[in-house]
Structure formats: C-alpha cells, structure tokens
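Engineer: Using the sequences and the hints given, assemble the complete structure.
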Amino acid sequence: MQPLIWESRPDGLRAPALVCAFTGWNDAGDAASAALRFFGASLGASRFAQIDPEEFFDFQASRPRVQLVDGLTRELQWPSVEIYEARVPRAPRDLVLLSGPEPSFRWRTFTKLIVDLAEALGTQMVVTLGALLADVPHSRPVGITGLSSDATLVERLGLAPTSYEGPTGIVGVLHAACQEAGVPSASLWASVPHYVAAAPNPKAALALVRKLESLVGVTVDAEELELAAGDYERQVSLAVQSDPDVQAFVERLEKAAAEEEEDADPTDLPSGDVIAREFQRFLRQRGPEGPDVAGR
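For the sequence shown, full-length UniProt numbering begins at 1 and goes up steadily by one.
Keep in mind that the hints were calculated from the coordinates and are not lab data. Treat the hints with care, since some could be wrong.
Listed next, with one range per pair, are the computed distances between beta-carbon atoms [claimed, not checked]:
(1) A181 x K255: 41 to 49 Å
(2) D243 x P141: 21 to 29 Å
(3) R108 x P244: 47 to 55 Å
(4) R87 x G230: 28 to 36 Å
(5) E54 x D116: 17 to 25 Å
(6) E213 x A151: 19 to 27 Å
The beta carbon of each residue, even a glycine, is placed where N, CA and C say it ideally should be.
Structural biologist: This is how it looks when you write it as structure tokens:
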C-alpha cells in the first residue's frame, strides 16, 4: 500500500505554497497547529489526501481513538497526517495545508514523501510552522524567529534569524530536506512563555498567522483569534498577579525584553521550571475556564 493516499487530485492550483505544522515537540502551546487549523478553517480548505500512519507512527505513543457516532456506532480513528487544498481567488496563490502529529519513525522517508508531493503539485514554496518554549513574558508581543532558503526573505519579513543549535524535530528535518532538494522553503517559529507552557496559546498562534499572511500573500479574517488572544493575555495576567513569585519573575522578563537584554541574571528569582510548576498548580485550582483558544 502506498503511504500517500489520494482522495482526489487537485488540478489548476495557482502558484501554490505548501504550509506544514505538526503537533508534539515542535508545537509549544499548540500555537503552530492552531495557526494552521485557523488558516484552513478561514479559507474553507478541503482534504484531498492523507498519509497512511502505518509506516510512520508508534501507536503506543500516538494511540488510535474510539469515537461514538450518533451516540451508537463506535468508530476507530487512527492518527493521520492530512493534506488540504485552499483555493484563494482574491490572492496571488492557492495554498496546500498539511497537518498531523509528528511521526515516530522513518523521518527521512516521511520528509521525502512531502518534498515529492510539493514537487508534484508544482509548489513554489514550502513553509513550516513551529513554536518553542522561551524565557519570554506573555504580556509582550510574540517574537517570531525564522530561517529561509532565501536570506533576503528573512530580512523582508522582519524575522529575527535563529541561532539555535541542538536537537530538532520533524520541522527541522523537513526544512533540511527541502534545501537538499532545491525546493524554496521557510520556517516560522513563535516564542511561547516557558511558565505557561501547558496552556494553548492563541496569542502565539495569531502571531504566526499574521507572519504567514505576509509570507504567502494570503490574508484571513482573524477577529475570532484576536479575541481569543486578548482573553488569554488577560487570564494569564490575572493568574500571574495572584502569586508574588510568578509576578516578580514575569516583571523581570518584561524588563529584560524592554531593555533588549540577552543575558538577564535570574539567580535571585525562582527558576523557570519552579515557576511553571507553581503556575500549573494555580491553573488546576482555577479549573477549566475561557474559550477554546486552540481553534478547535
């Protein structure tokens, strides 16, 4: 069985860009996957293919789910990577959107499959979205770092070039595969506050949506996401104000950001891990509140 399962063949795509996001390691605060879902929902994207999970997933790590249909029939849903098309007549290009969990196995085979798909569809650019944990305050504008096969693109979009060295996820491997194949590519990463890592972060998702709009030349109505981002910031601010240690830590981050300090000395404050544990304890006591900010 071929790993790429076509449900239909999209014809006549105009100068398409392929945009990819994966849940898991590359997706702090669900920001990247939420941004892609929001883009797809806003543009009325329709699925035309999926990648068979059999070769690429550890089903003990990414378990299939049983769901009741009409309250009677039990349906088994396997983890899958789904591929959508979005026709955007008002824009200079159409989009292909790819989303799903980060695979467990055969990353080189998996990324070659995506590169081959991009070439088969005549894709002009592959864009990957990611989100990482960082010592940044929730109250400041979300920082977007990026890299691209076109250095001038990073400068044009006003991206902070990344200097990261260390372990990478499927997003990094896919970007490298595109470069090796000569496929133009770009990667956008949002910085998510370390101390509120477990909560969905619509503010970071919104920042990715806005930067993606500039990159691909396709705009969406983001009012709903803007409202969710505002609610998120208010709720986190209220939680921060209730704990003096957390508040002191966040104020230090805000000061460092305002002064553009790169090496703030955190020795007189609790570590980010301690703050994160205390903050999650507060959220558990607070209970589930607020809108579904991940766009689901």
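Engineer: Decide, hint by hint, whether the structure agrees.
Structural biologist: Now for the hints, and whether the structure bears them out:
1. A181 x K255: 41 to 49 Å: Roughly 45 Å apart at Cβ, these two residues keep to the hinted range, so it holds.
2. D243 x P141: 21 to 29 Å: Holds, at about 24 Å.
3. R108 x P244: 47 to 55 Å: 50 Å, holds
4. R87 x G230: 28 to 36 Å: 31 Å Cβ-Cβ, so the 28 to 36 Å window holds.
5. E54 x D116: 17 to 25 Å: Holds: the Cβ-Cβ distance is about 18 Å, inside 17 to 25 Å.
6. E213 x A151: 19 to 27 Å: 21 Å, holds
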